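Novice: Protein sequence lines correspond, in order, to chains A and B. Throughout the first sequence, residue numbering follows our numbering, covering 1 to 411 in sequence. Throughout the second sequence, residue numbering follows our numbering, covering 1 to 81 in sequence.
Hints are computed from structural coordinates only; laboratory data are not their basis.
Here are the in silico distance ranges between beta carbons for each label pair:
#1 G20(B) / R126(A): 19 to 29 Å
#2 K64(B) / L114(A): 24 to 34 Å
#3 T119(A) / K64(B): 16 to 26 Å
#4 D37(B) / K29(A): 44 to 54 Å
#5 D35(B) / T119(A): 27 to 37 Å
#6 M1(B) / T119(A): 21 to 31 Å
#7 H35(A) / K64(B): 46 to 56 Å
#8 P58(A) / M1(B): 35 to 45 Å
#9 K64(B) / K29(A): 52 to 62 Å
#10 L114(A) / E5(B): 35 to 45 Å
#11 T119(A) / S40(B): 13 to 23 Å
#12 A43(A) / S40(B): 40 to 50 Å
Sample of chain A residues lacking proximity to chain B, with all beta carbon distances greater than 12 Å (derived):
#13 H35
#14 E38
#15 T57
#16 P58
#17 D118
#18 R177
#19 S202
#20 R280
#21 A284
#22 Q292
#23 G322
#24 N327
#25 D389
Predicted, not measured: the structure shown is a model, and the values here were computed from it. Even for Gly, the Cβ is constructed at its ideal location relative to N, Cα and C.
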Amino acid sequence: MTRKVVITGLGATTPIGGDVPTMWQNALKGVSGAHTLEDDWVAKYELPVHFAARCTTPALDVLSRVEAKRMDPSTQFGVIASREAWADSGITEIDPDRLAVAFATGIGGVWTLLDAWDTLKEKGPRRVLPMTVPMLMPNGVAAAVSLDLGARAGAHTPVSACASGTEAMHLGLDLIRSGKADVAMCGGAEAAIHPMPLAAFSSMQALSRRNDDPEHASRPYDLDRDGFVMGEGAGALVLEAEEHALARGARIYGELAGTSVTADAYHITAPDPQGLGATRALKAAMFDGRIQAEDVVHVNAHATSTPVGDKPEYTALKAALGNHVENVAVSATKSQMGHLLGASGAVEAVLTVLAVHERMAPVTINLENQDPEIPLDVVTSARALPAGDIVALSNSFGFGGHNAVVAIRSV
Amino acid sequence: MASNEEILAGLAEIVNEETGLAPEAVELDKSFTEDLDIDSISMMTIVVNAEEKFGVRIPDEEVKNLKTVGDAVDFISGAQA
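Chain B extracted, bound-state conformation (with noise of 0.2 Å):
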């Protein structure tokens, strides 16, 4: 079970991975797309990265709504639960 805190490291460092943004840079209230720039295909890998590192299923019609950064941290903390 990774913390919250935990989980948005996490989440940095796979979309840092896959765009080069910097870490810090992804912070709860970024909207993926509108402040991280970060398009459909892209979304999907960091989401299928994410469900590896921390072992959880986020499905298709689930990643829509994850508008935010704080939603996917939000959802993969209630997923691990």
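Bound-form chain A, shown alone (with noise of 0.2 Å):
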């Protein structure tokens, strides 16, 4: 008998809100997170691009000063979400021999490595600060929040670029239905809004250019999609064991009900155009929770608003849910928030279990002439999910071939 695991407690941090009520709500509402970046490095280093969605509480808002200036802005994330969710749990007695943590990113300390370089070009060595490799190593975010919670049942770091959130919740049901944990803190974190990957996104085309108009540059499924949009941020949820999350009476949000990772094997940052990676990743997590395709009535897609990538998906989420998929609402989130590479599964994942537990799709802004060859019924206008047992999906996918997706059901 597989052991049922359960979702009870939420954290967030992104650009639509510093905290899950605050972001949950602007979803339902539809706003945008991009704004027009202020910083003299735009200009200095000839950008071109001048935009991106930026969280909208600083992380100095939340933590103390030594606190924060012990972490890369990444970590500062993974915490404030992994705290939030903590408290939205209630647990307040755990053997720390029966806490795991999973906590992903997709790129690491990117800002703490920098400006490293940029100190010891400038003032040599000895001025390289000792925090420098904790902070900057990619398991720095697992590393604290371990080290927060008092997390001993391991702490473990995904790296599967965009991926890399969603994985997290792959391997905390996995950690917990194998017994080896009771509870694992799963998320990810990512803090990349510096100038240089924002120049590397860039020269691969990945970005949009609507620097006229950041509020309409993430438009996942329209025809005038042009790449993503740079978001930062961290989501953070807490995974339970079903009987430990009865036996203290917790508030349930929704089942984890199944998982699942695929690798395409195909090109290494260009999805497979039919899909397979992705059509795969679906039914795989499908058949983990013994999901049928009439179950599923909600989709949190990846849709990342690039001009490529939107299809693919379509054309997986048709394969994997045949003409059922119809009658899915699908919310591509990412047209409000950008996209939190790293983060983007975990913050989706949250909405998702929201989506579920409230019955309700969030919105997807910034729609306005949906691409023909993308016919999804997508949510544009916060819209009640159906009553009953209920099934949502969220997708993931990352340069690298990888796809991850999770299957959140109602309890």
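Please dock the two separately framed chains into a single complex, following the hints provided.
Specialist: Here it is, written out as structure tokens:
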């Protein structure tokens, strides 16, 4: 008998809200978190992209100065989201040896790394501070969350580019099902709104250039989409063995019914145009959760707003759900908050859990002329989801051909 | 050339920046590890910041001899001379 795993705590800090209630309200309203960057480095380095979606709440408004000093900005966001999720779970006592962490990042401590490089060049090796290594290492966020919670059943960092946050939940589910932990703090964090990653993503033509109108730049499924908008932030979810949650009378948001991870083995960045890897991921997550196509009422799509990326996801959804795909309410929440890279899967999982729990699908903004090759039923104003037993899926795909899917079932 | 009082005040500021400890807690007879609970990574950060502030060089092998705040003030004062 497989252990059932439920979700009992949610946390987030994002470009459309610094906590879960604010983010959720905005996600139903439909707002844009993308704005023109006022930083002097935009002009200094003549960046081709002048905007991004920054977190609404600066980390220093939440963390103490001394605490923040020892964390890369990505870790700061991760710890903020993890603390919110932990408080939300209501867990007051737990055996630390039964609490695991799976906290992902796509890029890791890029600010710390590049600041230290600048310091080395300008001031020499003596001024490169001793905290540099623990702050730049990709496992820095999982380690900080583990320290913060006293979690001792292992602290893991799945790294699979933009699928990382979703893969963290896949790992968390495994850890609990296999009996290695009773509770897992899962999530993803990213803080890469720095001139170098902006230049690098621009150079591969991945970012929107709609500099004169940032709020309308992220437009998944729209004919005029021209790339994604860089976002930042973190999402966190407390996964818990059902019997553990029931024993303490926890509030249960939903069941993490199934997860999957597959690889395209097709191209280092381009998605397989047939969406075969994504199709296998969708089918595997549904098989894992004993889910029939007809059970699925909502999908939080990966949908980054790139010309080449949005369509293969449709192809995959159609292959996995068949004609039932027409009946599924699809939300592309990156339209609102941009692409949080390694954090996106975690934040979108939070939204998907809330969609199932609150029976409301969040809004896709900026859809004016829907691409006729992607005839999905896209949610453009908050829409109620049906009563009864329902399932929602959240997809994430990453450079490297990583595909990850989570399936949330109502309880 | 900073006086010992000025060095102490400057060190207290650096310690406060790194650890959040109140500057007035940073007294000459306080041990960095025992009394101020400063770990080795923070100690190295404080050393590097003190080098920049006071224009001195504190060799790595000297750092383990700086047990108290007073030791650090004396070393910096001597190094400036």
